[in-house]
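Sequence order for the protein chains is A and B. Each residue of the first sequence is one higher than the one before, starting from 1 at the first, in my numbering. Each residue of the second sequence is one higher than the one before, starting from 307 at the first, in my numbering.
Mixed in with the good hints there might be a few duds.
What the hints assert, rightly or not - Where chain A lies over chain B, by a calculated footprint (3+ residues, C-beta under 8 Å):
{"#": "1", "region": "312-320"}
{"#": "2", "region": "348-354"}
{"#": "3", "region": "372-380"}
{"#": "4", "region": "492-502"}
{"#": "5", "region": "507-514"}
{"#": "6", "region": "558-569"}
Don't read these hints as lab results, they were simulated from the structure. Because the structure is a prediction, the values reported are computed rather than measured. Beta carbons: idealized from backbone N, C-alpha and C, even for Gly.
Spelled out, the chains give:
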Amino acid sequence: MRAIARPRRSLFGDEGRLTPYLYLLPHAILFFMFVIYPIFKGFWVSLTEWNMFFNEGTFVGFANYARLFNPESIQNAYYWQALKATLLFVVISVPPLVLISLGLAVLVTSNLPWRSFFRTIYFMPTALTISVVAVMWRWIFQGDVGFANWVLRALGGDAIPWLTTQPYAWISILIATIWWTVGWNMILLVSGLNAIPHDQYEAATIDGANSWKSFRYITLPNLRPILLFIVITTVIASFNLFGQPQLMTGGGPSRSTVTVMYYIYGEAFGNFRMGSSAAMSYSTAVIMLVATFAQAKLFSAKDQDS
Amino acid sequence: MKRNRYLSFSFISALLVALIFLFPLYWMVATSFKLESVTTAWPPQVFPNPITLDNYRTIIGNPVDTPVFQWFLNSAFAAISYTLGSIAVSALAAYALARLRFPGRQFYFWTCIASLVVPGVIFLIPNYITIDTLGWVDRYPALIVPGMATATGMFLLRQFFLSIPSELEDSARIDGAGRFRIFWQIVLPLSKPVVLTYGLMSFLNNWNDYLWALIVTYSSSMRTLPVGLMTLQGRYIHQYGTMMAGAVLTALPALILFLAVQRYFVKGIVLTGIKG
Chain A
1 MRAIARPRRS
11 LFGDEGRLTP
21 YLYLLPHAIL
31 FFMFVIYPIF
41 KGFWVSLTEW
51 NMFFNEGTFV
61 GFANYARLFN
71 PESIQNAYYW
81 QALKATLLFV
91 VISVPPLVLI
101 SLGLAVLVTS
111 NLPWRSFFRT
121 IYFMPTALTI
131 SVVAVMWRWI
141 FQGDVGFANW
151 VLRALGGDAI
161 PWLTTQPYAW
171 ISILIATIWW
181 TVGWNMILLV
191 SGLNAIPHDQ
201 YEAATIDGAN
211 SWKSFRYITL
221 PNLRPILLFI
231 VITTVIASFN
241 LFGQPQLMTG
251 GGPSRSTVTV
261 MYYIYGEAFG
271 NFRMGSSAAM
281 SYSTAVIMLV
291 ATFAQAKLFS
301 AKDQDS
Chain B
307 MKRNRYLSFS
317 FISALLVALI
327 FLFPLYWMVA
337 TSFKLESVTT
347 AWPPQVFPNP
357 ITLDNYRTII
367 GNPVDTPVFQ
377 WFLNSAFAAI
387 SYTLGSIAVS
397 ALAAYALARL
407 RFPGRQFYFW
417 TCIASLVVPG
427 VIFLIPNYIT
437 IDTLGWVDRY
447 PALIVPGMAT
457 ATGMFLLRQF
467 FLSIPSELED
477 SARIDGAGRF
487 RIFWQIVLPL
497 SKPVVLTYGL
507 MSFLNNWNDY
517 LWALIVTYSS
527 SMRTLPVGLM
537 TLQGRYIHQY
547 GTMMAGAVLT
557 ALPALILFLA
567 VQRYFVKGIV
577 LTGIKG
């Protein structure tokens with residue numbers, strides 16, 4: 001109405017042409033500074049020899065990337081070792097993190113007494129910060145007087161130097177990680193399970209399906225989209241593994257638990273080679289993006305099969 | 307009969323898993339109340355005897371090396387400022403994107419959504435350099451400002467605003483209320499559930515953040531609780547009682563908040579599924 005009364009909209013005021021941008025401005029400024037700009041800035045840094053003292057870089061082209069493929073360089077040895085360690089952790093952690101959370105989700109959505117209490121307990125560790133989780137598990141896995149070794153000895157076994165030998169260092173990190181994050185996936189699956197229409201199960205029961213068949217032919221297909229989401233986010237989370245090795249094993253024994261994130265962090269803030277570290281970040285980001293799209297493709301290809 | 311047996315089997319498994327989940331927390335708390343001389347006793351004491359507050363005294367009573375109270379204040383100040391700022395910034399943008407018509411609206415929305423694909427690892431170094439350039443290293447803004455404008459916050463709030471019937475706003479406008487007043491007095495109060503959900507997620511994300519806070523702070527008095535606990539690990543590495551007292555103090559606020567408003571936290575995860 002007012003627009004008709006006034007031939008030209010003013011710039012500000014309720015209907016002003018610039019007013020919407022004022023609402024957007026705080027978000028836009030911060031989003032540009034800390035989300036959009038760093039995507040390009042980081043790439044620029046990866047093409048330089050960055051001087052942290054003067055906060056400026058000397059352009060070196062792709063030298064930082066080339067070093068990752070030069071067998072003479074220390075970055076070559078350490079980066080690929082870290083990448084292998086990270087992939088190993090992804091492989092050993094994603095199946096339990098998905099399967100255990102699925103089991104727990106089914107458990108707390110059945111008509112179990114105390115089920116909301118159990119749900120709270122399984123979910124609670126996700127509210128903790130990594131340093132608490134690491135300090136706590138480090139104490140349990142402590143080599144001489146830790147609780148894990150007490151149990152082992154009480155059962156008649158030998159003590160294990162959990163955090164300082166392989167494969168136990170990985171097992172310790174894995175157990176701490178499952179304990180810490182499995183509740184997260186569980187909650188997502190619980191919401192997925194609750195969304196499945198109940199009459200589907202009733203119809204299946206009338207047709208004589210047992211509980212395994214209901215699970216296999218009703219629950220799993222219905223959970224498919226949410227499972228895809230969980231697999232992808234869990235792979236990303238495991239790929240980003242940092243605090244557990246940094247605080248529990250210190251990357252040891254002999255660098256075997258130095259993950260990509262840990263190495264990138266150390267290269268930038270321990271060795272002060274920002275350029276090299278940025279190049280590793282970008283290489284890793286590309287690997288993660290490819291892995292994410294590959295999983296999405298894989299899942300949708302399977303969809304067409306069935 | 308068969309059904310009952312199945313139920314009791316599930317119940318016992320659920321109970322066992324619950325005990326396994328609770329045990330590490332119990333062990334941390336129990337150790338924190340043991341005398342340092344008995345924390346390493348063999349076999350371990352299952353219940354602390356005698357119960358002592360010595361470890362808490364050690365950690366609180368050393369404000370120079372381990373200013374736990376200062377870390378708590380830093381964490382609280384950063385997390386509260388971050389949460390309020392993030393809600394404000396996201397809500398204003400979400401309102402514009404949901405209700406106002408202007409060129410570039412779709413473009414901005416989809417740019418934010420597309421940015422979610424970018425792996426977080428690449429932000430570490432350039433954002434550190436930005437913070438350094440601004441002179442914010444080891445200062446509060448470094449802990450508060452960088453993650454404030456999120457795509458998730460904007461998205462969550464926008465979706466909710468779109469679900470509010472616009473008739474409500476129209477009638478307020480007929481009564482002469484201005485845009486901002488409508489936003490502040492009608493839209494925001496109506497969005498309380500989603501604002502609380504997003505606020506809680508933001509608070510816990512910031513409170514529990516470790517890597518970023520580790521990078522942008524270095525002086526002992528600027529550390530947050532999660533990072534401070536790491537420096538305790540350097541100092542009290544073989545004093546398990548003291549370490550555990552520090553861990554309990556770090557964990558307690560987050561756990562209390564979690565238990566108090568778990569409902570919103572669950573909703574937040576279901577809505578976004580994104581972990582900080």
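Hints and how they fare:
Counting residues of the region 312-320 of chain B whose C-beta lies closer than 8 Å to any C-beta of chain A gives 5; at least three are required, and the coverage claim holds. Coverage of the region 348-354 of chain B by chain A holds [criterion: at least 3 residues with CB-CB distance below 8 Å; count 3]. With a threshold of 8 Å between beta carbons, the proposed coverage of the region 372-380 of chain B by chain A is violated, since 0 of its residues qualify and at least three are required. Counting residues of the region 492-502 of chain B whose beta-carbon sits less than 8 Å from any beta-carbon of chain A gives 0, not enough to reach three: the coverage restraint is violated.
Figure legend: the region 507-514 of chain B, annotated as covered by chain A; annotation consistent (3 residues with Cβ-Cβ distances under 8 Å, at least 3 required). Coverage of the region 558-569 of chain B by chain A holds [criterion: at least 3 residues with CB-CB distance below 8 Å; count 6].
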